[in-house]
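2 protein chains.
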Amino acid sequence: MGSEELRAVAQMAIVVKDIEKARSNWAELLGVEVPPISETETRESTHMIFRGKPSNGRAKLCFFKLSNLVLELIQPVGGPSTWQNFLEESGEGIHHLAFRVENLDETLGKLREMGIGMEQRGEFKGGGYVYTDSRSSLGAIMEILYHKE
Amino acid sequence: MGSEELRAVAQMAIVVKDIEKARSNWAELLGVEVPPISETETRESTHMIFRGKPSNGRAKLCFFKLSNLVLELIQPVGGPSTWQNFLEESGEGIHHLAFRVENLDETLGKLREMGIGMEQRGEFKGGGYVYTDSRSSLGAIMEILYHKE
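Chains B and D supply the protein sequences, listed in that same order.
According to this note's numbering, the first sequence is numbered sequentially starting from 118.
According to this note's numbering, the second sequence is numbered sequentially starting from 118.
Extracted from the complex, chain B is given alone in its bound form (with noise of 0.2 angstroms):
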């Protein structure tokens, strides 16, 4: 049985070095207005775990909404984080592909049964995310979105 919730890729992201020259180059080549950057907040309001231990990490945001997904441009700025790691290890290139679902703990379930942890997670205004710790199992780190009350 897999999860009936994964069925849509809700959005693909990108860490890179330099999210201005990102931006730019996405915004010409798809002919888009250049999205405003946002930075994620603290670990006071976002209770950022990375490998089972709280994180400062942050980063810089962008979002592309292209007509079937988002497209999401991440770049780390300090602190331990899967995107610094992914940059350091494996250079810019495409992060993660998420999933939106309205049940985490089934899902997560679900992960769990498969043996796939949390590479990190966090919280953000008015849900969060699970970043899986799944690129030798399934090729690739995967997102959990979700909303919370």
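These are computed hints drawn from the structure, not numbers from a lab.
Bear in mind the structure is a predicted one, so any value in this text is a computation, not a measurement.
Pairs count within a copy or across copies, as identical chains cannot be separated in the list.
Below are the BS3-like pairs computed for lysine-lysine, each with C-alpha atoms no more than 27 angstroms apart in a straight line: (1) Lys265 to Lys227; (2) Lys138 to Lys227; (3) Lys265 to Lys242; (4) Lys227 to Lys182; (5) Lys242 to Lys170; (6) Lys227 to Lys134; (7) Lys265 to Lys170; (8) Lys265 to Lys182; (9) Lys182 to Lys242.
We have chain B; now place chain D onto it with these hints.
Coordinates of chain D only, in the frame set by chain B:
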């Protein structure tokens, strides 16, 4: 002016070391049948060019149809290729995002204007593909898929 054609991500592809293991894990996670594995044709029919030179590089492929795009798994098998190169330099991971275009020349012209060239190209029955050398400008390799008569 961006390309009006680059609006939807048609495919995303993961380069893996062991396609049988990866497809079995993905099928379990998604709760779908294990898809068949195919292999790219020989250079005589693909006319594959990698970094300006004809190459015998080949790959095993399989495809999962998600609701909004196709997830592709790629295992390089011998001969120089962008897939083999990616695996050696970056490890298993998401190799590219693909756009389907009607007018290949227009898209390649737009990319050229931006200083983006071809990393690899080849043909298959009914169409062809171009991988761009855009890792430093866009943070990721793009695939341009096109039909031909």
